[in-house]
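Colleague: Chains as they are written, first to last, in the working numbering: chain A, 404 to 600; chain B, 404 to 600.
If you are wondering where the hints come from, they were derived from the structure by calculation, not from laboratory data.
Take the hints with a grain of salt, since some may be wrong.
Same chains, same names: a pair is fine if it fits in one copy or spans any two.
Claimed, not checked - List time: in silico DSSO-like cross-link candidates among lysine-lysine, alpha-carbon distance up to 27 angstroms:
{"id": "1", "residue 1": "550", "residue 2": "446"}
{"id": "2", "residue 1": "550", "residue 2": "427"}
{"id": "3", "residue 1": "581", "residue 2": "427"}
{"id": "4", "residue 1": "427", "residue 2": "475"}
{"id": "5", "residue 1": "565", "residue 2": "581"}
{"id": "6", "residue 1": "581", "residue 2": "511"}
{"id": "7", "residue 1": "511", "residue 2": "446"}
Since we're looking at a predicted model, the values are computed, not measured.
Number of protein chains: 2
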Amino acid sequence: MTSNSCGTSRIAGCQFTLFPMSDKFADIILGALDEVDTSKVWKDTDDVSTCVRGKMVHVFDVTQALFLHAAKTGEHVAMSGTFSIGCPGDTEADSYMDETDTPLNEEKSSQISREAGCKFSLYPMGRTDYMDAIYEQIDLSKHRNIKVSSAHYATRLDGDVKDIFQALHQSFDRVQEKVSHVTMTFTISANSPSNKT
Amino acid sequence: MTSNSCGTSRIAGCQFTLFPMSDKFADIILGALDEVDTSKVWKDTDDVSTCVRGKMVHVFDVTQALFLHAAKTGEHVAMSGTFSIGCPGDTEADSYMDETDTPLNEEKSSQISREAGCKFSLYPMGRTDYMDAIYEQIDLSKHRNIKVSSAHYATRLDGDVKDIFQALHQSFDRVQEKVSHVTMTFTISANSPSNKT
Chain A
404 MTSNSCGTSR IAGCQFTLFP MSDKFADIIL GALDEVDTSK VWKDTDDVST
454 CVRGKMVHVF DVTQALFLHA AKTGEHVAMS GTFSIGCPGD TEADSYMDET
504 DTPLNEEKSS QISREAGCKF SLYPMGRTDY MDAIYEQIDL SKHRNIKVSS
554 AHYATRLDGD VKDIFQALHQ SFDRVQEKVS HVTMTFTISA NSPSNKT
Chain B
404 MTSNSCGTSR IAGCQFTLFP MSDKFADIIL GALDEVDTSK VWKDTDDVST
454 CVRGKMVHVF DVTQALFLHA AKTGEHVAMS GTFSIGCPGD TEADSYMDET
504 DTPLNEEKSS QISREAGCKF SLYPMGRTDY MDAIYEQIDL SKHRNIKVSS
554 AHYATRLDGD VKDIFQALHQ SFDRVQEKVS HVTMTFTISA NSPSNKT
């Protein structure tokens, strides 16, 4: 069913940007980076975005932790990005696949509770029946500890940041088990003043 | 070649968020919205993102204008989003397809010059040969008035905001001529302090 033209490695990655809507944006980003252990992922940052790559568990662990540590400042922060796995062009940094599976930031992250809203979209690539894979997964996400609603081109999740990232992780993981190359876009937002009105 | 399970309308859309990295983020967003004529697109906004839908020309005209008017404040601003066309579930707001093709914000936008960096990725859906469509298009974008480089999971464009949006528009348009359902993610950033160091 899948094209299987992808590399043998199941290296995952996320290209994302953290957006603190604050004059202190640089301090908030650097502060979050300082709190998060990124040693189990390959990482590259420029002025537009950050890319982390490695085992799926660590890619989600690091992106979640960065968002949580920025959100706990109480400032309005958002993060947008794209998770990817099985990209045919993607072979660099395979050495990070030798890391153990223990997430490095789970304990610290578990101590932070913060409500957020998130929109995400799953894109199973290289399949003519890709809509079935999307609909099947969107249906599954209804069972989790979060509010699920539909938006144009996206599914909306509301709840605790950790529950949202868990749903993103599970959705992505389930689709990539069936489809070799999958991408998933997301935008998550916390402490928005327009959410309080 | 394409699945052709899509609706008959070629309504395009963009789900995006404008991120001013400033304490004045609300004023900057509202100020940009005030400058931009969105009457030729369907529009819906919540605390996570904004969705505009209609003819492709107007979807690009409005998103570019919103970013330009926010960027001209001189504050560090970014925008992330996903353009989409031919989504099988997408039939609402078809009435906006009757609008004329003249973009409403072109004249005002042409008066704003601002350098930016942008990363984008094209996702032709429902095709087993989707990578060919991507590579073909990435090659074409080299001919435009912008600096093109490659990043993980994305292509990077540097130059004037209007040239960047023109390249995004042309790339998206060219792929959707061949592939029924196409999505394109982008993150564009202007006035970044880390770009000046």
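Colleague: Any of the earlier hints contradicted here, and which numbers?
Modeller: 2, 3 and 6
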